[in-house]
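Asks: Sequence:
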Amino acid sequence: MVRDIFPGVNGSGPSNLMVCNYLLYFSANDGTNGNELWVSDGSEAGTLLVKDIRVGGESSSPSSLVAYGDTLYFSADNGSSGPELWRSNGTELGTFIVTDINVGAVGSDPRYLTVYNELLYFSAYVEETGDELWVSDGTAGGANLLIDINPDVADSSPSYLTVYEDRLYFGAEDGLHGEELWVTDGSAAGTSRVEDLFVGAVSSNPYYLTVYDGGLYFRGGNLEDQLYVFDGTAISAVSDFVEGEEISTRFLFAADYRLYVITASEAYGDELVVYDGATVEVIDYFAGADDGLNFD
Numbered sequence: 001m002v003r004d005i006f007p008g009v010n011g012s013g014p015s016n017l018m019v020c021n022y023l024l025y026f027s028a029n030d031g032t033n034g035n036e037l038w039v040s041d042g043s044e045a046g047t048l049l050v051k052d053i054r055v056g057g058e059s060s061s062p063s064s065l066v067a068y069g070d071t072l073y074f075s076a077d078n079g080s081s082g083p084e085l086w087r088s089n090g091t092e093l094g095t096f097i098v099t100d101i102n103v104g105a106v107g108s109d110p111r112y113l114t115v116y117n118e119l120l121y122f123s124a125y126v127e128e129t130g131d132e133l134w135v136s137d138g139t140a141g142g143a144n145l146l147i148d149i150n151p152d153v154a155d156s157s158p159s160y161l162t163v164y165e166d167r168l169y170f171g172a173e174d175g176l177h178g179e180e181l182w183v184t185d186g187s188a189a190g191t192s193r194v195e196d197l198f199v200g201a202v203s204s205n206p207y208y209l210t211v212y213d214g215g216l217y218f219r220g221g222n223l224e225d226q227l228y229v230f231d232g233t234a235i236s237a238v239s240d241f242v243e244g245e246e247i248s249t250r251f252l253f254a255a256d257y258r259l260y261v262i263t264a265s266e267a268y269g270d271e272l273v274v275y276d277g278a279t280v281e282v283i284d285y286f287a288g289a290d291d292g293l294n295f296d
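Under UniProt numbering, the first residue of the sequence shown is numbered 1, with each subsequent residue one higher.
No wet-lab data here; the hints were simulated from the structure.
Each hint should be verified, as a subset may be incorrect.
[What the hints assert, rightly or not] The calculated label-pair distances, taken between Cβ atoms and stated as ranges, are: (1) Ile283 x Gly141: 44 to 52 Å; (2) Asp155 x Ala189: 16 to 24 Å; (3) Pro151 x Ala278: 43 to 51 Å; (4) Ser236 x Gly186: 46 to 54 Å; (5) Leu119 x Ser43: 30 to 38 Å.
Since the structure is predicted, the reported quantities are computational estimates derived from the model, not experimental observations.
Where a beta carbon is used, it is the ideal one built from N, C-alpha and C, also for glycine.
Turn these sequences into a full structure, and let the hints steer you where they fit.
Replies: Dropping the structure here:
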């Protein structure tokens with residue numbers, strides 16, 4: 001253990017871990033200041049509260065942490081502006097709100113912060129356009145709506161922003177085709193739906209976009225969640241991922257040149273599947289149909 005942030009039997013619940021400028025940032029609750037931004041250099045003495053953004057015992061709940069250059073950007077609620085875009089250099093003085101995108105106590109709730117082509121992209125809400133795709137250069141006046149995908153006040157709710165093949169991909173709802181896979185080159189004119197996977201208003205719900213072995217994998221589906229892959233041209237279902245088994249995909253991520261997928265099936269229950277580009281291994285923690293993993 002590096003440091004007992006919340007002394008006693010209660011945990012501090014560290015989450016949203018992000019490395020920026022050789023330091024590890026995360027959110028944690030020390031039992032006094034609520035859930036706030038912390039930083040660590042890997043030592044006990046160097047693991048510190050950066051700033052009590054929402055002063056007192058209430059939480060600012062830092063989330064969507066991302067390294068943009070040598071500065072950390074994130075979403076936080078100071079109690080008066082609602083969840084908005086913040087930045088930090090690891091010091092209390094250098095931690096401040098970038099811009100109040102949705103002026104007032106509601107906040108713009110910036111999420112899925114992702115760096116693409118030296119700019120910061122994210123979803124954000126304003127009353128006039130709803131929850132849409134925004135872009136920022138990291139300065140106070142540098143945040144702008146990129147495109148209103150679902151016109152007027154309706155939300156397109158961009159999600160799981162992921163860079164793949166020099167483009168930024170994400171899930172979004174345009175009001176006609178359900179939630180589908182979209183792509184942008186960073187311009188409004190260069191933003192479009194990739195494919196209407198389930199034709200019409202039915203959503204394919206592309207979640208957990210993950211780049212692996214030259215493809216963009218994601219969980220998708222309407223009634224059943226399957227594993228899909230986009231190869232830069234078309235989307236296809238990975239139907240034979242586990243031979244002889246109908247599986248439902250729960251979650252996926254890539255690490256150490258492998259694709260890890262939490263799946264559900266009649267034979268194995270909820271288990272971890274590991275794919276290395278050639279072979280598939282089911283890690284059946286509890287033999288048979290009993291669940292080895294619980295995932296929300």
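Asks: Does each hint fit the structure? Answer for all of them.
Replies: Going through the hints against the structure:
| no. | hint | verdict |
| --- | --- | --- |
| 1 | Ile283 x Gly141: 44 to 52 Å | 50 Å, holds |
| 2 | Asp155 x Ala189: 16 to 24 Å | 22 Å, holds |
| 3 | Pro151 x Ala278: 43 to 51 Å | 46 Å, holds |
| 4 | Ser236 x Gly186: 46 to 54 Å | 27 Å, violated |
| 5 | Leu119 x Ser43: 30 to 38 Å | 34 Å, holds |
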